[in-house]
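There are 4 protein chains.
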Amino acid sequence: MSSIWGSNIKISLFGQSHGKAVGVTIHDFPAGVKLDMKSISGWMKRRSPGQDLFSTSRKEEDSFEILSGIVDEKTTGEPLTAVIYNKDIKSQDYEDIAFLPRPSHADYAAHIRYGGHNDKRGGGHFSGRLTAGLVFAGGVCEQVLEKKGVVCGAHIKSIKDIEDKSFDLVNVSAGLLRELRAKDFPVIDDKVGNKMKQAILFAREKGDSVGGVIECAIVGFPAGLGDPMFDGVENKISSLIFGIPAIKGIEFGRGFDISKIYGSQANDDFYIEHSKVKTHSNNNGGINGGITNGMPIVFRVAVKPTPSIFKEQNTVNLKTMQNAKITIQGRHDPCIVKRAVPVVEAAANIAALDLILGDKRWIWT
Amino acid sequence: MSSIWGSNIKISLFGQSHGKAVGVTIHDFPAGVKLDMKSISGWMKRRSPGQDLFSTSRKEEDSFEILSGIVDEKTTGEPLTAVIYNKDIKSQDYEDIAFLPRPSHADYAAHIRYGGHNDKRGGGHFSGRLTAGLVFAGGVCEQVLEKKGVVCGAHIKSIKDIEDKSFDLVNVSAGLLRELRAKDFPVIDDKVGNKMKQAILFAREKGDSVGGVIECAIVGFPAGLGDPMFDGVENKISSLIFGIPAIKGIEFGRGFDISKIYGSQANDDFYIEHSKVKTHSNNNGGINGGITNGMPIVFRVAVKPTPSIFKEQNTVNLKTMQNAKITIQGRHDPCIVKRAVPVVEAAANIAALDLILGDKRWIWT
Amino acid sequence: MSSIWGSNIKISLFGQSHGKAVGVTIHDFPAGVKLDMKSISGWMKRRSPGQDLFSTSRKEEDSFEILSGIVDEKTTGEPLTAVIYNKDIKSQDYEDIAFLPRPSHADYAAHIRYGGHNDKRGGGHFSGRLTAGLVFAGGVCEQVLEKKGVVCGAHIKSIKDIEDKSFDLVNVSAGLLRELRAKDFPVIDDKVGNKMKQAILFAREKGDSVGGVIECAIVGFPAGLGDPMFDGVENKISSLIFGIPAIKGIEFGRGFDISKIYGSQANDDFYIEHSKVKTHSNNNGGINGGITNGMPIVFRVAVKPTPSIFKEQNTVNLKTMQNAKITIQGRHDPCIVKRAVPVVEAAANIAALDLILGDKRWIWT
Amino acid sequence: MSSIWGSNIKISLFGQSHGKAVGVTIHDFPAGVKLDMKSISGWMKRRSPGQDLFSTSRKEEDSFEILSGIVDEKTTGEPLTAVIYNKDIKSQDYEDIAFLPRPSHADYAAHIRYGGHNDKRGGGHFSGRLTAGLVFAGGVCEQVLEKKGVVCGAHIKSIKDIEDKSFDLVNVSAGLLRELRAKDFPVIDDKVGNKMKQAILFAREKGDSVGGVIECAIVGFPAGLGDPMFDGVENKISSLIFGIPAIKGIEFGRGFDISKIYGSQANDDFYIEHSKVKTHSNNNGGINGGITNGMPIVFRVAVKPTPSIFKEQNTVNLKTMQNAKITIQGRHDPCIVKRAVPVVEAAANIAALDLILGDKRWIWT
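These protein sequences, in sequence, are chains A, B, C and D.
Using my numbering, read the first sequence as starting at 5 and increasing by one per residue.
Using my numbering, read the second sequence as starting at 5 and increasing by one per residue.
Using my numbering, read the third sequence as starting at 5 and increasing by one per residue.
Using my numbering, read the fourth sequence as starting at 5 and increasing by one per residue.
Calculated directly from the structure, the hints in this document are not laboratory data.
Mixed in with the good hints there might be a few duds.
Copies of one chain are not kept apart here, so a pair can be met inside one copy or by any two copies together.
Calculated cross-link-like contacts (lysine-lysine; reagent style DSS-like; alpha-carbon spacing at most 25 Å) [claimed, not checked]:
{"id": "1", "residue 1": "Lys91", "residue 2": "Lys280"}
{"id": "2", "residue 1": "Lys38", "residue 2": "Lys201"}
{"id": "3", "residue 1": "Lys210", "residue 2": "Lys152"}
{"id": "4", "residue 1": "Lys323", "residue 2": "Lys24"}
{"id": "5", "residue 1": "Lys38", "residue 2": "Lys315"}
{"id": "6", "residue 1": "Lys187", "residue 2": "Lys151"}
{"id": "7", "residue 1": "Lys24", "residue 2": "Lys91"}
{"id": "8", "residue 1": "Lys78", "residue 2": "Lys187"}
{"id": "9", "residue 1": "Lys195", "residue 2": "Lys264"}
{"id": "10", "residue 1": "Lys169", "residue 2": "Lys329"}
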């Protein structure tokens, strides 16, 4: 599906880092939803670059222009297109290195994929800048989810080896998720957050970079959504999440750790509370057989260190096919994790709305 | 897409654990491929139950019947359907517990999803038995991949906290993958394998279960395949892999660990060897920007402990909506990891062939 | 999508005319639907060959075996697979002509498409026999539609130049559709039907064949279903209908004739009747902008004369690449139109249920 | 798939008639194609309104802005987005009639579909203006097809009951198609063209409208493309074509007329010419079993009279739910057929490239 994703709503992303614009078209969005544009601007701002020392100095306001799908601030149900123009572009930074693929960037793979015709400026369509459209779409989807009582939120679970507290898999609350969203540096334990910031600044000073883990939760999600075998919650979320650059792993519930305990410890046994079925533990992250069970959906994603570092690196010259050296210029995030938090949340929102819209149980009645 | 997966080949899975049969239809498979049926039987045998003490005592030969798509052992290009009949069924084991969802099984989620109409016998369509069709498809795909010099293989990376050696991300070879496939218990270090077996038998004796991690590699895969942003290698593989029951996480290359090191350590710098572009390290698992870079593709998946344990567990009675107890009867694997190895390999084969068939660069010429 | 069709329910067809079986898997079918198997058998019988002089002498009972998706005659929501075994096969009829493509059959096109590896016996996957799976699926879908008050039905509009009455586009009723279904030779005017039969027998005697037009209506269909621009009712129905062999055209409402009148004559003006919006005429066949408007959906399809005729024809020998002659042996329908009626109805049922399941307006409430 | 179409290339259309812009994103377009922008502007001009008395007086230059996917006039392989801004908008024409659905427009159906939230100005997303994006995409696709020797072209086959000559199904040539494209009023017989113009002007004077039939051919198309059963050439083309507003029918080859002749007359018998397999007649329009046979692909589409007429019509007031009258103001085409010719050609180009890119026979080699 390329840069199109979705079954019940569909997003079509476009743009390159140093092209005229990036953007998104959302198809099949529900009609008649009054959009709070201020809220969406807040989403864009959380992702936008140039805010502080922890991210790139490229400054983009990431204000968006709506081309279609909205009349009088209400969705019309027709395809909704938003464009974010690129403004602070310094493409000369890339001219010298057009044939020197940057290690662990998409440069080389894309060169082979597109026969060298891909836009090499700023990583082209492979740039993290493409997530601006994703965040817009996430902010839009949220406004439907809110009415359904569904809340998605995330925090920085770790930067390098510095670990924040984990979500309580059973009791993670909408309140905590909203609290985290209001934070400038979204961690549960702010003291840990300060250590993380220091680690990022340390890497920045060294011309190096660090990665981390983002933990995301969806609460208030109804049981019984998702389909076997390939349209399950995990399939859907992961197929969307791996569209975000720099993500190298995803795990649900207790994730990889669940493989280290006994079944008797891992199983989430059921009980009734106020006529509702619940589980004592939530090691499966709210998902059984690909279908939600009504407990919080929790997943974690691994974000690699920004591959743009300022140290000299080995590379090859794709013209001469000889070994070469590269020292990356330009403006880059020493750590992309903080800015990736709203992107992961946005993806969670989009997947959640797609799952909800996929509910066809009303046919029974 | 439900129980249908794929873009360039498509698989449509059907069946329930205790129904008449399980099976698969493969659409868009290349025509004229002479299929080595013995090889496919070997695949089925590796996955089949009842082989030893490490797995369920349910005995199924898993011999398959071809209903369409093959004439004189050659594929016709038309939809290829294989059916595996269910023989050794003991459904009475499930009658008593139809309304007592087994913890961490799909029972409860499916009950809500299907309004209680889903086939409750043996987990229905959610059973691991459905992977028989997947393994058949993987075995069929392999026969095209072999001609392209692509080899997929996997080993048990860990059982509970007992760890096998990891694949050398840079140098993992087709030879090692084939060697592992010939092993009855596929680990690199057989001594570790023995410890794993003991751990499984220990869990079995206790009426408990254990999980583990499977590491899979694809070698010989060409550079330049996969598409941004949602049709990348990670998106494709994960969307397929999470269709396998009991998998709760996936990571590529160095995976979650890459978030713990500096960018200068994580980056896979390029060099030329025999006019071919290679990387010194392979922390990205052969994938940059969703596209292959010619290095081995390596990923790991977390397999949870089999939720079927023989200890008494808490559950709820969905008829009376009261708390209840359940003691699972029936025949179950104390550890599904070994049997899941060929399933993960099969998924890798299917995804690999889908990626290769998605190569449209010939249009340039 | 190959032999897979659908968005909200999906059908995956498989099989070849002279292979072991043909069949279908239906994905995403609603759970808990009690299936009237006798009704489905009735559907199969209407399509089945060997009933009378107007069709092929190949005798197939077209009894089906359910492999999955049904427990105690109720759908489970899991993939529903039905297999129809091929019994009365005389493949020797085809051996001599494997390299002599039959004019206007798929033989030559498929030979190029599949490099000669396609199943040449009886047209392989291109045979009209594949519609058995489609008819099964249509019969299953009908049982949901009935509860929603939606009825699909069709009649033979013409055989060669002999024309039955047309449906009244505005007033076509469920009663008439049911009446037609009960007829052995489904025409509105039985006298015309007799002339049609004579024309078919005349062609049969001459070793020739005739085609015709089938007119299909869907009544009781709610307004507001279908999506612009490519998921509209016409797009959906036509993409499914052209999967039926021998169909060369489709038109909705007044169809091609609407191009011959003035806008003032063509426009379907609105009025209110019993608080319901209706139109005086229905030249648009119940569809505006791809979306239903509550009036009957009516379409017509052109069925070409069966290409299997017994007269000697020119062809080429694909081995020697020289001109050749062919005289088709075997058993063939002198006119496929009558047997195609339930196939077109089945397609209408499948498309109608897909459209209904695609209704997401409940999200507003 | 909504306003997304395609398998091997994908187009995502957006915009409303009186919104800020209409446009298209093309995904999976081949990289490295040097685009002749002048040629694309020519395509846009052929479709653009306000050119003469035969069409609406709304004037739109339909100049496009490329937002992504092109660098230095070459495609990058990344999503290609073009935006056409709406300039000459007079929305006040629509305010009075927001609740008075125009007969045979999408107004009423869309009102029900979107709960009244759809953009009512100028038909919103249902306007013929949306085809500007389709035409852009067609013009882009053509530039790849040309290199493959594939040429698509169309003419006005009829306006009302005035008929142009038909394409010679066997011998229609690229030369004729190019000649037609250069004509201001694309008919084979210019004398007939003059009569058509008079008929259009006559309807215009009466405040009425006329429709017609467009005949389209694709020549130079290779044999062996298209897939059974639902990914065939007819399925693909029709699923795309019915996305064009006002089209109510499609037929391939001899179309509906093939149902009126004997099989012995209808069959296209084969012969060898210069070592190439050809057919003497081409009643099947180059398609057998959904797959191309190397002969010209020919299809015809029925275009209804523009529903916007200036005569008073019956309608209903959706607010008061009472009968009402409507007299449409605004600027409208008395006949949309001429402007629809490049739209149908564009659709043919898009479908043709999608089919070519779907060719996977290289896997055999």
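Hint by hint, here is what the structure shows:
| no. | hint | verdict |
| --- | --- | --- |
| 1 | Lys91 with Lys280 | neither (52 Å within a copy, 38 Å between copies) |
| 2 | Lys38 with Lys201 | neither (38 Å within a copy, 47 Å between copies) |
| 3 | Lys210 with Lys152 | neither (47 Å within a copy, 44 Å between copies) |
| 4 | Lys323 with Lys24 | neither (27 Å within a copy, 44 Å between copies) |
| 5 | Lys38 with Lys315 | neither (48 Å within a copy, 37 Å between copies) |
| 6 | Lys187 with Lys151 | within (23 Å within a copy, 52 Å between copies) |
| 7 | Lys24 with Lys91 | both (8 Å within a copy, 21 Å between copies) |
| 8 | Lys78 with Lys187 | neither (29 Å within a copy, 44 Å between copies) |
| 9 | Lys195 with Lys264 | between (30 Å within a copy, 19 Å between copies) |
| 10 | Lys169 with Lys329 | neither (41 Å within a copy, 33 Å between copies) |
Of the numbered hints stated above, those contradicted by the structure are hints 1, 2, 3, 4, 5, 8 and 10, listed in ascending order.
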